[in-house]
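Put the complex together from the two separate chains, hints included.
Protein chains in written order, with numbering that gives the first Met the number 0: chain A, 0 to 295; chain B, 0 to 312.
Simulated from the structure, these hints should not be mistaken for lab results. Each hint should be verified, as a subset may be incorrect.
[Said to hold, decoys possible] With the C-beta cut set under 10 angstroms, the calculated list includes, among others, these residues of chain B facing chain A:
{"hint": "1", "residue": "38"}
{"hint": "2", "residue": "101"}
{"hint": "3", "residue": "137"}
[Unchecked claim] Computed footprint of chain A on chain B, listed as stretches where at least three residues anywhere in the stretch have a Cβ under 8 angstroms from a Cβ of chain A:
{"hint": "4", "segment": "51-57"}
{"hint": "5", "segment": "87-97"}
{"hint": "6", "segment": "142-154"}
{"hint": "7", "segment": "190-199"}
{"hint": "8", "segment": "296-308"}
[Unchecked claim] Covered by chain B, according to a simulated footprint, are these stretches of chain A (three or more residues, beta-carbon under 8 angstroms):
{"hint": "9", "segment": "33-47"}
{"hint": "10", "segment": "124-136"}
{"hint": "11", "segment": "165-176"}
{"hint": "12", "segment": "196-202"}
{"hint": "13", "segment": "207-221"}
{"hint": "14", "segment": "249-259"}
{"hint": "15", "segment": "274-281"}
Where a beta carbon is used, it is the ideal one built from N, C-alpha and C, also for glycine.
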Amino acid sequence: MTDAAQPLGTPASRRPARRRGPRRDGLLTLYLYGAMILVACIVLVPLLTTALGGFKTLGELRTNPFGLPQEWIWSNYWDILTTERYWRMLGNSLVISSLTAFLTLAAGSMAAFTFAHLRFFGSGALLNYFLLGLMFPAATAVLPLFIRIRDLGLLDTYLGVVLPQVAFGLGMSILLFRNFFRNVPKDLLDAALVDGCGYVRYFWHITLPLSRPILATVGIVSFVNSWNNYILPLILLNTETKYPWPLGMMIYRGEFSTDWHLVLAFVTLTILPTIIVFFAAQKHIVAGLTAGAVKG
Amino acid sequence: MSSLHSVPTTAAAAPTRSRGGARRKGLRRGVWPVLVLFLPPAFLLFTIFVVLPIGEAAWYSLYDWSGYGAPEVFVGLRNYELLFRNPVFLTALKNNLLIIAVSALVQLPLALWLATLVSHRIPGVVAFRLVFFLPYVLADVAAGLIWRFVYDGDYGLLPALASLVGMTAPYVLADRDLAIYAVLAVVVWKYFGFHMMLFIAGLQAIDREIYEAAEIDGASRLQRFRRITLPLLAPTIRLSVFFSVIGSLQLFDMIMPLTAGGPSNSSQTMVTFLYSFGITRMKIGFGSAVGVVLFCICVTFAFFYRRGVMRHD
Chain A
0 MTDAAQPLGT PASRRPARRR GPRRDGLLTL YLYGAMILVA CIVLVPLLTT
50 ALGGFKTLGE LRTNPFGLPQ EWIWSNYWDI LTTERYWRML GNSLVISSLT
100 AFLTLAAGSM AAFTFAHLRF FGSGALLNYF LLGLMFPAAT AVLPLFIRIR
150 DLGLLDTYLG VVLPQVAFGL GMSILLFRNF FRNVPKDLLD AALVDGCGYV
200 RYFWHITLPL SRPILATVGI VSFVNSWNNY ILPLILLNTE TKYPWPLGMM
250 IYRGEFSTDW HLVLAFVTLT ILPTIIVFFA AQKHIVAGLT AGAVKG
Chain B
0 MSSLHSVPTT AAAAPTRSRG GARRKGLRRG VWPVLVLFLP PAFLLFTIFV
50 VLPIGEAAWY SLYDWSGYGA PEVFVGLRNY ELLFRNPVFL TALKNNLLII
100 AVSALVQLPL ALWLATLVSH RIPGVVAFRL VFFLPYVLAD VAAGLIWRFV
150 YDGDYGLLPA LASLVGMTAP YVLADRDLAI YAVLAVVVWK YFGFHMMLFI
200 AGLQAIDREI YEAAEIDGAS RLQRFRRITL PLLAPTIRLS VFFSVIGSLQ
250 LFDMIMPLTA GGPSNSSQTM VTFLYSFGIT RMKIGFGSAV GVVLFCICVT
300 FAFFYRRGVM RHD
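In isolation and in its complexed conformation, chain B is listed as follows (with noise of 0.2 angstroms):
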């Protein structure tokens, strides 16, 4: 519909019979089929189902509604005070923060370590990589499931390996102190094989020689690392932080099979706070609020992330 009279098939191969203007007439009538064509599924899914619900967000956020007719009681910004003086909500910021922390300071360290492991050219490490990769393909449910059987106080392996060395372990996911330290090993078991996949392509993009001629220069092992490796994969750190700060502040799935908030609420995140207070409860208004205050924190992240530390990546 969009080409001219004479349509050759095989576009590229046929020979050239250009005219005085017909590449640019050619160029011009082409473009508003295409347009018409092309842009208008991706504008209205994304525009429908993306934008236009954060910006709903943001006005149910000032009226108190069940959802159903229309919102009617205004309330200004009560939802957000009362979301502030929140205790729960408090805690699940909290948490996040930690799970934040946990990312950058275990979990990377962790990633780049192995990372460094396995790019060593022996028999094996292919496979040793494939399996650290594999908890990262499995859904965060089936994680957190499988990871409350390992906390089981009855059946579970964790009591079984105390045990075995003589203690008795706490019930851990009972715990209203140790809960979140449970979720968060389960998070760095499940996604420091991504980061490590990062770390490990950031590695190959080194060049091998400054290696060899540091080596040659008599440079140690933790020299070459210090002097070498680490500023050199810079970047590649910078956007693993990027992924762990945005993961974490969404995290949910995990958390549901896991302690779903419990106990006591100890060990809920912004979102399954969301979940817990907003969906469950039909409180739109309430619900809304808490996700524009998610929405804010990680656009404002990556907003001054992107601009301020991986401003030259």
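Just chain A, with the same shape it has in the complex (with noise of 0.2 angstroms):
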């Protein structure tokens, strides 16, 4: 079960290599790496000439868009990262995607921990209903939840984006948690409840220190889902102060629009964070991104 949290990374076989005549192995290898390689180039090329891209002038990007920056311009980097816009916009993404994340395991597992343990009437069909959710994109209902988070007063405020943001991501994690809590061995909770301890103490001090895989499945994958999430900040916030970073992105390119280098540059500091993560816990993130698909 816990297969939820193992890496994909590794290879696929462990057996020893087949024996075979040297010069089909040389062949193969080279096709290997020949094909590996160019897709390889057409990933990185477009990333790796918008980060270089910011070091460059105007008027080099339009005339060598491709090869190093003659002169390294610092300064395209440097006035953004002092600026207030940039740290704020990413603060933003950060709090509304830590609350999201948050929110999300918490009433997640909650849910998931009753429909694993519990029978109780209605218990089938109150499941169903979460995994509605799975169904459709939350673009279908976005003008109703406009109407009804400006009612509610939360019009432009962190916590409009991210309830329904949690609201979204429910079935996913309910699903995945359920999955998870069910393959606990039953004998340790009859032992647990013999003994007097509650469901709640249970869930508390058992369950959640036995689910840390996916926990770290769930939160990766709805602060991810938040940290890149477009279409609901861009409907219900209207401060920029408030903007998280892909709307904060959307609005410097507007406003400098003529200017490619600086965007560039813009471009590359705000997806930079997300590229360092991504490095940093590859293993995690891969597997977690993967299987909360397959799974949710």
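Pasting the structure below:
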């Protein structure tokens, strides 16, 4: 069951390589590396030229979009890093995403716990009710959601973005948690109940500490989804100082639409946190995002 | 609060003190507090922010309403009629179908091919997997903006590449016939890595001995792929198609920085249509009708696909 957290990045086969003619092996290796390098270039060239473009002048960008800059203009980056705007944007994203991840974990794990361990009237129907949320995108209900958030007085607040994000992530998180909880040996719960430990204490002291892998998976998925979310903040926030980074980036691009070198520096700096975290925690992130999707 | 009189902290390790019926009673007693405490947060959030808005969309879609005051001007199904007569919406629908087709016919084979490549045990292969997965973790908006630069007619990479081989590249994003294909290329660029990871996981689950047996029996590489890999990977392929379709139907974020639906509405999708014609013009009724149509398409597809195609998975 813990395979939810098993890294996908392990080699496919642990068996010793089969014996082949050295020439055939050489050709195969050539083909493999050739193809992989080609695709890697298609992935990386836009990203690297974006980062390099941020070091150029606008004039050089026009004549030399691919190569290294003749003169490295650090000030393009430095001027963005020293603005409040950049840090505020990332800060907004961090607050919104952390809150979303935390509330998704809390509400999802508690609900899933009851579905995993208790049979009560209508429990099956209620679970299916939650799983309905897996079938359609948030965009379908975005207008009524706007009206609702407005009527609740939550328009233009972090919470107004966080709560719908949590709600749309619940279906997947409940499913993942429930499948995990059900595989905790039943004897453990029985023993605890006999000893007079209530469900709530059992959940807190036994279930949660045993569930680190799935907590990590659900946490990563809901954090990343929220970090990258664009449509909900676009509709539910209207003060620029509260914008998370995808919105802030679009605003910046609108303001400096002719200064591509600045836009490129800005884009590079805003996706930098994602890239750093991705490479630092790649095993967890790849496994989390794939398992989260497959099992959800 | 839900525990009985004696409360050992390390419940699992404590000695058993079972008296007649204590267990049943304990079960009963504990159940209500848990239900009352654990279910409402999720239930309320989900009902208020997911289920009710869907119902409200169906209701609002019967009105001509700007969002202020109560919806009063009842127009019946007129919003739907307007919608299906709207040429831009029909373009959006067609574009969504095109995105689904490209996801299934281009992206999926590409992802499968790459998954078989990076499943070989050769040095550096793990790094390549990570690089291929990287676009998937970037936000759609960022990917869109980066490719807007790539396609840019004055500063972009594409015109520079074209002039290297002595051609002039058109301004793809400003071309009514090309814009949607430019968007499609970015969709494939961004999402193939995710599908590749699905396939890698699927390939790992196939027993190597089957391949070895087939090789001993003289099966060629292509035969092994067609007779072993494809059939055993079928559940993963079906899952990958499911994600592609649901993802394609909701494509929005990436289009906004690339074309915002233009030029002259040639690259609209259903969600960008909903945004430009419902939200920015505050036509709540009309926009809700778009949402309802999208909802019906998603749910109908999900229902029949899961019942029919994925029945045995």
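Structure-based check of all given hints:
Checking residue 38 of chain B against chain A: minimum C-beta separation of about 6 angstroms stays under 10 angstroms; hint holds. Interface restraint check for residue 101 of chain B: the shortest CB-CB distance to chain A comes to about 16 angstroms, outside 10 angstroms, so the restraint is violated. This hint holds: residue 137 of chain B has a C-beta 6 angstroms from the nearest C-beta of chain A, less than the 10 angstroms allowed. Here the segment 51-57 of chain B counts 5 residues with a CB under 8 angstroms from a CB of chain A, which clears the bar of 3, and the coverage holds.
With 0 residues carrying a beta carbon less than 8 angstroms from a beta carbon of chain A, the segment 87-97 of chain B misses the three-residue requirement, and the given coverage is violated. Check result for the segment 142-154 of chain B against chain A: holds, 8 residues qualifying (beta carbon to beta carbon below 8 angstroms, three or more required). Counting residues of the segment 190-199 of chain B whose CB falls under 8 angstroms from any CB of chain A gives 5; the rule of at least 3 is met. Figure legend: the segment 296-308 of chain B, annotated as covered by chain A; annotation consistent (4 residues with Cβ-Cβ distances under 8 angstroms, at least 3 required).
Counting residues of the segment 33-47 of chain A whose C-beta lies closer than 8 angstroms to any C-beta of chain B gives 10; at least three are required, and the coverage claim holds. Taking a C-beta to C-beta cut-off of 8 angstroms, the segment 124-136 of chain A contributes 9 residues in contact with chain B, enough for the three needed, and the coverage statement holds. With 6 residues carrying a beta carbon less than 8 angstroms from a beta carbon of chain B, the segment 165-176 of chain A meets the three-residue requirement, and the given coverage holds. Requiring three or more residues with a Cβ within less than 8 angstroms of a Cβ of chain B, the coverage given for the segment 196-202 of chain A holds, as 7 such residues are present.
Restraint check on the segment 207-221 of chain A versus chain B: 0 residues with Cβ-Cβ distances below 8 angstroms, three needed, restraint violated. Check result for the segment 249-259 of chain A against chain B: holds, 3 residues qualifying (beta carbon to beta carbon below 8 angstroms, three or more required). Coverage of the segment 274-281 of chain A by chain B holds in this model, with 4 residues showing a Cβ closer than 8 angstroms to a Cβ of that chain against a need of three.
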